[in-house]
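Note that the protein sequences, when read in sequence, are chains A and B.
When the letters of the first sequence are read in order and numbered with the numbering used here, they come out as residues 1 to 400.
When the letters of the second sequence are read in order and numbered with the numbering used here, they come out as residues 1001 to 1355.
A portion of the hints provided could be inaccurate.
Straight line, CA to CA, 20 Å or less: simulated EDC-like cross-link-like pairs of lysine to aspartate or glutamate [as the list claims (entries may be wrong)]:
{"no.": "1", "chain 1": "A", "residue 1": "K247", "chain 2": "A", "residue 2": "E234"}
{"no.": "2", "chain 1": "B", "residue 1": "K1095", "chain 2": "A", "residue 2": "E234"}
{"no.": "3", "chain 1": "A", "residue 1": "K118", "chain 2": "B", "residue 2": "E1105"}
{"no.": "4", "chain 1": "A", "residue 1": "K378", "chain 2": "A", "residue 2": "E350"}
{"no.": "5", "chain 1": "B", "residue 1": "K1003", "chain 2": "B", "residue 2": "D1158"}
{"no.": "6", "chain 1": "A", "residue 1": "K118", "chain 2": "B", "residue 2": "D1181"}
{"no.": "7", "chain 1": "B", "residue 1": "K1182", "chain 2": "A", "residue 2": "D114"}
{"no.": "8", "chain 1": "B", "residue 1": "K1182", "chain 2": "A", "residue 2": "E121"}
{"no.": "9", "chain 1": "B", "residue 1": "K1182", "chain 2": "A", "residue 2": "E126"}
{"no.": "10", "chain 1": "B", "residue 1": "K1314", "chain 2": "B", "residue 2": "E1105"}
{"no.": "11", "chain 1": "B", "residue 1": "K1310", "chain 2": "B", "residue 2": "E1329"}
{"no.": "12", "chain 1": "A", "residue 1": "K235", "chain 2": "B", "residue 2": "D1158"}
{"no.": "13", "chain 1": "B", "residue 1": "K1095", "chain 2": "B", "residue 2": "E1105"}
{"no.": "14", "chain 1": "B", "residue 1": "K1095", "chain 2": "A", "residue 2": "E121"}
Treat the hints as calculated values from the structure; they're not laboratory data.
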Amino acid sequence: MPSVFITGMGIVSALGIGTASQKEKLAAGVSGLGAASFLNSIHKTEFPFGEVPYSTEELFNQLSAKNQLQKSRLQALGALALEECMAGLKEKPAGIRQGLINATTVGGMTDIEDRYFKLIEPAHLEQDMSWASGLDCATGTEHLARQFQLTDFLTTISTACSSSANAIQLGARLLSQGMLDRVVCGGVDSLTRFTVNGFNSLKNLDRSVCRPFDAHRNGLNLGEGAAYLMLESEKSLEKTGNRPLAKLSGYANFNEAFHPTAPSPEGLGAYEAMKRTLDKAGLQPSDISYINAHGTATLNNDESESLAIRRLFGEAVPPFASTKAYTGHTLAASGAIEAVFSILSLRFQEVYPALNFETPIEATGLVPFQQYQSMALKHILSNSFGFGGNNASLLFSSYD
Amino acid sequence: MIKPVSIRAASAISAQDSFRRNELSEPIRTPSGNRFTYLEPNYSDYFTIMQLRRMSRITRLGLVTAIECLRDAGDFQPQAIITGTGKGSLQDTEKFMHAIREFAEGTLNPSPFIQSTYNSLNGLIGLHHQVNSYNSTYVHSGFSLEHALLDAVLQLNDNSIQTALVGSFEEMTPEHYIIKDKLDFWKKESSEPNAVMNRSLGAVSGEGTAFFFLDRQQDAACLQLVDLRLLFEPEEGHVISVLESLLSEHQLSWNQLDVYISGRNQDIRYEHYYEEVEQHLPASTHQLQFKHVSGEFDTAAGFGLWAAVKMAEKKQLFPALLRKKGNAESIRYMLLYNQYYGQHHSLYLLQLPLI
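Let's have the full structure, built from the sequences with the hints guiding it.
Shown next, in the form of structure tokens:
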């Protein structure tokens, strides 16, 4: 595939605002999971959450430019990550076409759900009703795109937990075919009562902190956050002079058509997504230095992902771990958040410890990497699997 | 600029009798109040009662439309399934919000939550025909269908796939109608006949589902998607300049546009965009419109594109869509121009290949 370079990145998660805060906590093995403070739900102390530790107002106070944004937690999280993503880059040269590919599972649900039943009363009218558009997934994307001048192309993807991994893939395709010069790709989701009750109704929330790849794991913890990557083509780099942080060297999306919400037991989709990503990059399994696993800690995912890893890598499984025990499952944002973590690992040649692991899954015996360690890393595979059988993998490579 | 792809099959469920015989059958249905609503097919031809019980309204509509499109194409294994929807299953989203309130976040039925997920239909189509393929869902309002098409075309163009099923689906609910009414989406309700064609503020609400089977082979069907241009909140005059460059890149002039299909909805705020384009059209161009039979919704262009495919197959225009008859004797090039509340503008350049 034609080269796609990552020249900027920005992130907000339960580990804080900005990449520096993420790196520090990941290296120290400090999780962001705990009781929620800002989520409006009776479940907020019943389950651990990866909540971004600021109120919406506090988030807005940390933004330097916000004139185009609505008063929305979703948009505040997105804008903070975008601000960091764009901050290190040189000013946009004339003639560069740039866009935003955003991802979200429920758009501005957090901002609407408390007021929804007022909103649907025909007689209830306020001076300014514009906030009512927040239920449309496009709304947040458009406010963010206007704020950061990313309006030459903008779209929103929603494929559940693989959404932002798919956003990065579309970005790469648009660059490869010359439709855009550079494009910001990523995703954002804020914690909502809607989603918390949704996952609770599926009975896959753990009441304790989640235990990815442990035999006694008991479900996931939900999180929130946002992350964006600036993707540039070679042609764009010549004009912008930006220095790449890493390369996107492969990607794949594969639907396994097994079940509306559960993965196939043998991990067909996970296997195909990883295998096709390696094929696209022209690499062998032995070339992979590290796997950032999806590892949600649900009974189904971790077993099928483990089997897929075993099938692809055989006895030579590279070091791997899931960061869900740090951030919770941030749904549409997770692919981009973990892309940032992968790039941090490549940049600093270090891996971060898996948390809460004791006993390997019997069927595979896989043990995630549990120490902070400096390590020579060249290619990192990152997985995002979701509802609807949607499986996506990305491959990030170091840039020398 | 993209490379042309063929549209091998198209199917649509809409407010009109578009599905049963896969054409725009007369008589034309009128909206009830200010809303066009689906003329739903007979689902028992497709599903058992048990299956139906598990599926919500838009899921049934979308799945049936996709099934028929694949059947028409004679290929149940597309190499990609890509959908676009502004709102997904509104009914499920609302049902789950009500359940959370009613049962005070207690024990809830997960079905509405699962089906409210925007890509659930996409997953079900794959499941129904056991399609292991690329799969994605775009949820960007008036661009949702166009982005799904664009994603497919990019992959057809770079030869990573040979075929793709692309579709859009949309429903309107009483609750969401109220929300959008507060955002000035709709015309004031009127009891007079033909109120849908009155020039006034707002549009008449609609719903619709459309699926298309795309093929990389350029001569595989009656209609090609030659190019697609998307403009977000364009400045004054920008639509015309983009349209002119689109024509010149394909060595075409205005005179060669035999058919023009517009998304006119008689909303006085945004009609000027259509009028500017129409001022450039020669007398030969047949001018068509479709929102007076489909109503307005995020992915309404899907109905227009479906009509274009069907008219190309029959080599005949649908009389119900004719707004201004031109004198072009044959049809070669078509332009479909749709805009959604002045924000999302889509230009589709379509061609009937010379056989």
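| Which numbered hints fail | 2 and 10
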